[in-house]
Amino acid sequence: MLNPLAAVPAIFRPTMTAAMPTDRPAHLARLQPHAEMLRRYLFVLGAGVDRLDDLVQEVFLVALKKPFDDSGPSWAAAWLRGVARNVLLRDRRTAASRREVELVHEVWEQQCADGSGDARIALLQRCIEGLPERSRALLQQTYAEGIGRDELAGRFGMRRDGIKTALRRLRAALRNCVERRREGER
Amino acid sequence: MKKNDEAVCMMALERLFAAELAAALDVPISAVAGHRDTLPVASRARWGKAAAVLLFGVIMTWLVAVQHASAPAMQGPEELEAPDPLPIPYVQHAADIAKLTKNTRSLGFTWEVGENDLSSLTPLTALVRLRIFGPLRQDVMPPDLLDPIAALPEVEVLELPLFPGMTGKHLRQLAAAPKLRFLSLQLHRRLSIADIEALQALPKLCSLSLQGGRIDAGTVRALSLLPTLDRLELSGVGGCTEVVLQELRTLHRLRRLGLTGLGKQPCAERLGETTDDDSVGLSPAVAKALAELPLLAEVALSHCAVTSDAIRALPPRLTSFSLTRCPDAGADVVAALEHFPHLQRLGLDHFDRGQRRHWRRAPPPPELVETGPPVHDPVIESLPDQGAIHRAQAELLRRLPIARLCYNYSLPDEVAATLPEATKLTTIELTWGVAADIASVAKAPALARLRLSECSFGIDDLQALKDTPLRRLDQRWGRVSREAAAAALPGVTVGDD
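Chains A and B, in that order, give the protein sequences.
Using the numbering used here, the first residue of the first sequence is number 1, and each one after it goes up by one.
Using the numbering used here, the first residue of the second sequence is number 187, and each one after it goes up by one.
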């Protein structure tokens, strides 16, 4: 069956979809794929890690109450980021901190040309795959397994400070790798 | 970019990488961000920096306090206001533009039929504000019409008619204007989403004013696409129904909103105003939608229908509110402004017989202008109780921390009587005031800046400002020369703003 909204310009659709009866669970199911992106976005904007889940929940509540555009995932993601930004701005009391949020939002827009940042993550994954086995293991055990620096020093036969230095160099190398690949794609 | 901005951006990039690393490793952000090695903020360095900032803050506060003790403070910088340099020459033909000097900073230009070439503006490289009027309809426009305007290197403020023959492609040409920040469009046709998409290309556009024409909900929603827009004015725009105005809630960056000529106002119409009939003005539902805008701090209503409930539905954090040319708004509406405890800038006016000279209708007969016993005037008598409004205005000045008062027409006695108590009032702007107002504002104990626009007073009236803390006097279209005013007020900087 043809979508009756297909012929309507996207900008008009939110109001029309809002006027229609919405299926709440289905609506939530459409929102859920954006949760990870929203967590990243809110974190970059300065939200504390302990508040990320609450904030995403708040964004979804707004999305359930307000008209939600169903015309495409990128449109919806952009709209949700707008809501997320506002949710965060409400917590910012001073003009300077609000301005910082706006500034960081611009950084996001600049860095994540696809809107969601998924392309950058894909590049990072490729960079990680290209690392030597030992470096990948260090990353995995540090961040995924949460092993402390002392134990890592024992496992990798390094000094405690050596682990710290290695991780710093590893992160710098990965950032450079992502930037190089981004440049290569342009 | 400021140093602090750079630091914020650097930190944002660090956080972005941490979030991406977490996603790439398929772990929660907390696993990466919470790790002490991830974010490059050494807590010791952070505390050291915080202590340094604190110390610097204490020293600066002390310095500022010392400075304040010796001289009253000036009003803060007004870079958010559109520059409006004087004088403003008006020309009616492109040929007359050639007679202007290259230093011309402001220009009004009437666009005549058949004059579709704006290249005569090109030599005016110092132009900051350009007003173009187009009284006649033009349907065919050359594709490079606005290129000469876009090439003007200093233009920050542009007022332009949008004719049926002009499309988004024309507006997109303005993207090349390096400093254009304030754009005002006189709509001779319905504003379309394509027009707004074209305006997206303007890199510094922070203010958009729409006059006349029509808009709809989709257009208002599309305004949220403008990446740097933080102020919007809708002036006599058709189609501003409650539903349409509620869509303003999507303009998340909006800091200042101006609504003019919206909503039915019987008194205003009797005074000669015309309104957009299909609008409700600022209704409680619209105000509730505006309360969702996180940055909204300034609202200006002029000739706009408004109720006290609507005022109370606005966010209490507003710092600037202007309620002018709204004769239907009674004392309850004025009193409702107490809902904004942080209000610093207040714009007001009032209505009397003399004021009608400034409205669009013909001047009243002489017997109405003369002072003396009341003369029957059905228009004035239909207005809400003006005495109650004046008392409510005075009460606002007593209760709110107003630092800047803008008043149109002569100050009512009740308002003037509060000025000696207004210890926070540092700036007063009077438009169409009279000599008695100068004596009244001179009693404001903290007055540092006075701006007089089209006021009727003589050089002798300025004597009242002697021995006051006044530091700057600006006149626009005043009768007293700048030199004479400066001589009468030694120690006061006199300018034409």
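Source of the hints: derived by calculation from the structure; they are not laboratory data.
Just so you know, even glycine gets a beta-carbon here, dropped at the ideal spot from N, CA and C.
A few of these clues could be false.
Straight line, CA to CA, 27 angstroms or less: simulated BS3-like cross-link-like pairs of lysine-lysine [what the hints assert, rightly or not]:
1) B:Lys390 / B:Lys355
2) B:Lys474 / A:Lys164
3) B:Lys390 / A:Lys65
4) B:Lys629 / B:Lys652
5) B:Lys235 / B:Lys288
6) B:Lys365 / B:Lys355
Computed from the model, here is a short list of chain A residues facing chain B with C-beta under 8 angstroms [as the list claims (entries may be wrong)]:
7) Phe43
8) Val49
9) Arg51
10) Leu89
11) Ser116
12) Gly117
13) Leu124
14) Gln140
Taking the hints in turn, this is what the structure says about them:
1. Using a Cα cut-off of 27 angstroms, the hinted pair Lys390 (chain B) and Lys355 (chain B) holds, with the two alpha carbons roughly 18 angstroms apart.
2. Proposed proximity of Lys474 (chain B) and Lys164 (chain A) is contradicted: the alpha carbons are some 52 angstroms apart, above 27 angstroms.
3. With a C-alpha separation of about 33 angstroms, the suggested pairing of Lys390 (chain B) with Lys65 (chain A) is violated against the 27 angstroms cut-off.
4. A hinted pair counts as satisfied when its Cα atoms are at most 27 angstroms apart, and Lys629 (chain B) with Lys652 (chain B) qualifies at roughly 11 angstroms.
5. In summary, the hint linking Lys235 (chain B) to Lys288 (chain B) is not supported, as the alpha carbons are separated by about 49 angstroms, beyond the 27 angstroms threshold.
6. Straight-line distance between C-alpha atoms of Lys365 (chain B) and Lys355 (chain B) comes to about 19 angstroms, which keeps the hinted pair within the 27 angstroms bound.
7. Annotation: interface hint on Phe43 (chain A) holds; nearest CB of chain B at approximately 5 angstroms, less than 8 angstroms.
8. The interface hint given for Val49 (chain A) is met, as the beta carbon of that residue sits about 4 angstroms from the closest beta carbon of chain B, less than 8 angstroms.
9. Taking 8 angstroms as the C-beta contact cut-off toward chain B, the hint placing Arg51 (chain A) at the interface is violated, the least distance being around 11 angstroms.
10. Hint status for Leu89 (chain A) relative to chain B: holds, with the closest Cβ pair at about 4 angstroms, below 8 angstroms.
11. Here the hint on Ser116 (chain A) is broken, as its CB sits about 10 angstroms from the closest CB of chain B, past 8 angstroms.
12. For the restraint placing Gly117 (chain A) at the interface with chain B, the shortest Cβ-Cβ distance is roughly 7 angstroms, inside the 8 angstroms limit, so the hint holds.
13. For Leu124 (chain A), the interface hint holds, since its Cβ comes within 8 angstroms of a Cβ in chain B; the closest pair sits about 4 angstroms apart.
14. With 8 angstroms as the threshold, the beta carbon of Gln140 (chain A) comes within range of chain B, its nearest partner Cβ sitting at about 7 angstroms, so the hint holds.
The structure fails to meet hints 2, 3, 5, 9, 11 from the earlier list, while all remaining hints are met.
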